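Produce the entire structure from the sequences given, and follow the hints as far as they go.
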Amino acid sequence: MPQTINIDKQNIPFSEGQSIIEAAEQAGVYIPHLCHKAGYKAHGSCRLCTVTVNGRWVSACTEPAEAHQQVENNTRELQSQRRAIVQLLFAEGNHHCPFCEKSGNCQLQAVAYSLDMHDTHFAHQLPQRSLDASHPDVLLDRDRCIQCELCVRASQEYDKKNVFALSGRGPSTQLIINSESGKLKDSQINKNDEAIKVCPTGALMNRSKPFSIPIGQRQFDKIPIDQQNTCVPDTTEAST
Amino acid sequence: MEIIDKNKGKRIVIDPISRVEGHGKVTLLLDENNRLQEARLHIVEFRGFEKFIEGRPYEEVAVIVQRLCGICPVSHHLAAAKAIDQLVGVNQLSPTAEKIRRLLHYGQVLQSHALHFFYLSSPDLLFGFETDLHRRNIIEVIKDFPDIGRQGIQLRKFGQDIIQAISGKKIHGVVAVPGGINRSLDIPQRDALRAQLPDILKKSKKAVAIARDLYLSNIDIHKNFGFIESSFLSLVDSKGALELYDGNIRIKDKAGKIFKDQLDDNRYFDYIQEEVRSWSYMKFPFLSELGIEKGWYRVGPLARVNNCAFISTPLAEQARKEFIQFHHGLAQAPLAYHWARMIELLHCAEQIENLLQDEDITGNELVVKGCPQEEGIGVIEAPRGTLFHHYKINEEGLIQKANLIVSTTQNNQAMNDSVREVAREYIDGQEITEGALNQIEVAIRAYDPCLSCATHAMGKMPLKVELFDHNGELLDTKIKSSV
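In order, the protein sequences belong to chains A and B. Using my numbering, the first residue of the first sequence is number 466, and each one after it goes up by one. Using my numbering, the first residue of the second sequence is number 9, and each one after it goes up by one.
Since the hints were derived computationally from the structure, they do not count as laboratory data. Just so you know, these numbers come straight off a predicted model, no measurement behind them. Honestly, I wouldn't trust all of these hints.
Stated by the list, open to error - Cut-off 27 Å, straight-line C-alpha distance, at most; resulting in silico cross-link-like pairs (BS3-like, lysine-lysine):
{"no.": "1", "chain 1": "B", "residue 1": "165", "chain 2": "A", "residue 2": "687"}
{"no.": "2", "chain 1": "A", "residue 1": "674", "chain 2": "B", "residue 2": "409"}
{"no.": "3", "chain 1": "B", "residue 1": "59", "chain 2": "A", "residue 2": "674"}
{"no.": "4", "chain 1": "B", "residue 1": "59", "chain 2": "A", "residue 2": "648"}
{"no.": "5", "chain 1": "B", "residue 1": "409", "chain 2": "A", "residue 2": "648"}
{"no.": "6", "chain 1": "A", "residue 1": "626", "chain 2": "A", "residue 2": "656"}
{"no.": "7", "chain 1": "B", "residue 1": "377", "chain 2": "A", "residue 2": "656"}
{"no.": "8", "chain 1": "B", "residue 1": "400", "chain 2": "A", "residue 2": "674"}
Put into structure tokens, the structure is as follows:
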């Protein structure tokens with residue numbers, strides 16, 4: 466008899482060592498998230514996956530699943546808090562969906578839709594952030610970076626290159642490149658790297674086939690993210 | 009309408025101008041006897057796309073710039089795409105890409121022309137220029153002339169259906185990519201569009217008849233309404249035929265004689281310049297050879313139908329011949345724009361029919377590669393006239409400089425002159441009524457201006473600041489030159 470946790474009155478089986486979000490994903494239960502991706506070390510930074518366990522607020526990506534946990538996920542209060550987090554992310558960066566190539570494949574946008582976000586609510590900070598277009602095939606647009614560090618982890622753990630890191634504090638935090646010039650062109654990045662594919666927004670893009678996925682065929686065009694049993698958009702087609 | 013007493017005279021402001029795309033106003037300065045002193049069309053909104061695309065990657069540009077407009081985004085998308093093709097070193101698209109882009113363009117021109125004629129202008133033409141304000145709208149047209157109203161809606165919808173089928177959305181879709189397109193039509197989509205064609209062709213032909221008959225029904229007034237004489241500029245193909253997607257420049261002078269022909273549109277800066285004036289965000293283009301005073305010209309349907317030697321599709325060519333015969337070779341009346349516009353609508357419907365029979369539109373060869381360049385220029389005939397997009401990029405592919413000469417901009421002087429002519433005829437020395445002021449808007453509407461597309465004078469606006477005391481005495485003036 467497998468052990469179970471209870472999420473929103475539904476018993477969910479889990480395996481030893483799984484986090485709450487991993488157990489939920491395995492059972493097809495959607496918990497909003499941005500910095501989490503299956504197969505990656507938990508990061509716990511975006512706080513979007515915050516749930517309550519036996520009345521205590523925890524992030525579902527870092528909290529181990531334990532038998533008999535009573536987890537609240539899809540509640541009005543939690544969804545409202547999550548919406549506010551996403552609104553802050555939009556207000557802190559420069560996210561212009563109408564001309565962003567990632568639109569329709571963007572996890573940030575898809576989460577915003579699923580949380581019924583209609584505006585940013587908070588005043589736009591309009592930060593001045595630099596763009597790195599030095600590499601012929603890879604574009605880094607820091608305007609769209611939400612500092613989830615998925616690219617940092619992917620570059621270290623999957624690509625074994627260590628191209629990216631976060632530097633600075635508070636509003637000055639930005640993604641930096643591990644190269645002598647600090648530019649992508651002098652780094653070891655390659656257009657097929659996992660670090661690019663894993664980006665949940667349009668911050669890291671493969672430039673070799675721009676806008677090649679027609680509207681209507683993008684990942685979230687027809688099925689909302691909360692009805693897709695997946696964590697991160699599959700951008701393989703766009704990236705190759 | 010706002011009337012401001014200024015000392016002994018009056019300043020009348022029509023703000024906003026209604027039933028046009030974008031935001032503008034007209035000011036009329038009258039003396040104490042209602043004698044007209046000055047009449048101006050001002051564009052009061054500012055967009056600044058030329059500036060804020062600087063520093064963005066070139067591959068985004070065709071998607072960004074189409075946000076200039078909600079009526080003709082396809083034109084900006086395609087003009088930018090043509091410029092970007094040059095940036096990636098592609099001079100010849102695959103047959104599928106070229107034909108899909110053309111099909112999209114014809115759908116765009118058709119829907120825009122239908123929108124303008126039936127939704128925006130037909131209330132004036134059907135009810136009369138001075139009819140009660142509350143009747144001058146498409147809802148009243150549908151009530152009193154249901155067949156005409158329905159026809160306009162169906163024609164526009166067909167154009168939008170084409171746009172949606174190709175670009176994924178009716179407004180602000182994406183299909184053009186550097187060196188080609190991201191999808192062709194699938195067969196069910198093509199067949200669904202084909203099925204609508206017999207009805208659309210019939211309605212398009214009828215649209216020409218409606219525009220012609222309305223124009224002729226009151227010809228003594230219509231032919232002189234806002235009358236001005238100008239040169240005309242447009243694209244034509246190598247044989248001089250009407251060309252909306254890709255061609256060379258032809259300019260006819262005000263007598264109808266060809267002044268320049270087969271000019272390379274990629275060298276537009278050799279023969280077109282732009283002047284900036286302090287009271288409008290819209291520039292004033294002119295032909296360099298003729299100078300500011302004499303070099304202004306008109307673009308759009310009237311220019312294209314006047315300029316071309318023939319139209320390649322039979323029904324539109326027949327309509328063009330009748331139009332040219334009536335005008336003895338060259339039409340100058342602004343209200344003749346409507347008739348010319350519907351001839352183009354018919355041409356688009358015929359071209360769409362041709363393309364929907366072509367197997368290439370379902371092909372798979374979508375993108376061609378080339379050797380990248382640092383500069384690209386795309387020129388297209390948008391619904392409102394010739395549209396120039398010009399971009400320069402750096403070695404990283406980021407936009408360094410952008411120049412957009414938008415169709416409406418090129419009609420700026422003509423619209424101002426037509427406004428002045430109508431004001432002289434219907435305002436000067438007369439009692440001013442709302443209906444009389446609508447006559448001015450009718451003249452502007454004839455050009456189908458897209459004011460939001462046309463305002464890009466950032467950093468070049470001359471500025472004059474005047475400081476008055478409480479008695480209205482001028483204390484100080486500061487002038488910032490545009491040069």
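Hint-by-hint comparison with the structure:
1. B:165 - A:687: 23 Å, holds
2. A:674 - B:409: 23 Å, holds
3. B:59 - A:674: 26 Å, holds
4. B:59 - A:648: Given that 27 Å is the threshold and the Cα spacing comes to 25 Å, the pair holds.
5. B:409 - A:648: 23 Å, holds
6. A:626 - A:656: Since the Cα atoms of residue 626 of chain A and residue 656 of chain A sit roughly 13 Å apart, the hinted pair holds (cutoff 27 Å).
7. B:377 - A:656: It holds: about 18 Å lies between the C-alpha atoms, which stays within 27 Å.
8. B:400 - A:674: Given pair residue 400 of chain B, residue 674 of chain A holds - Cα atoms ~20 Å apart, limit 27 Å.
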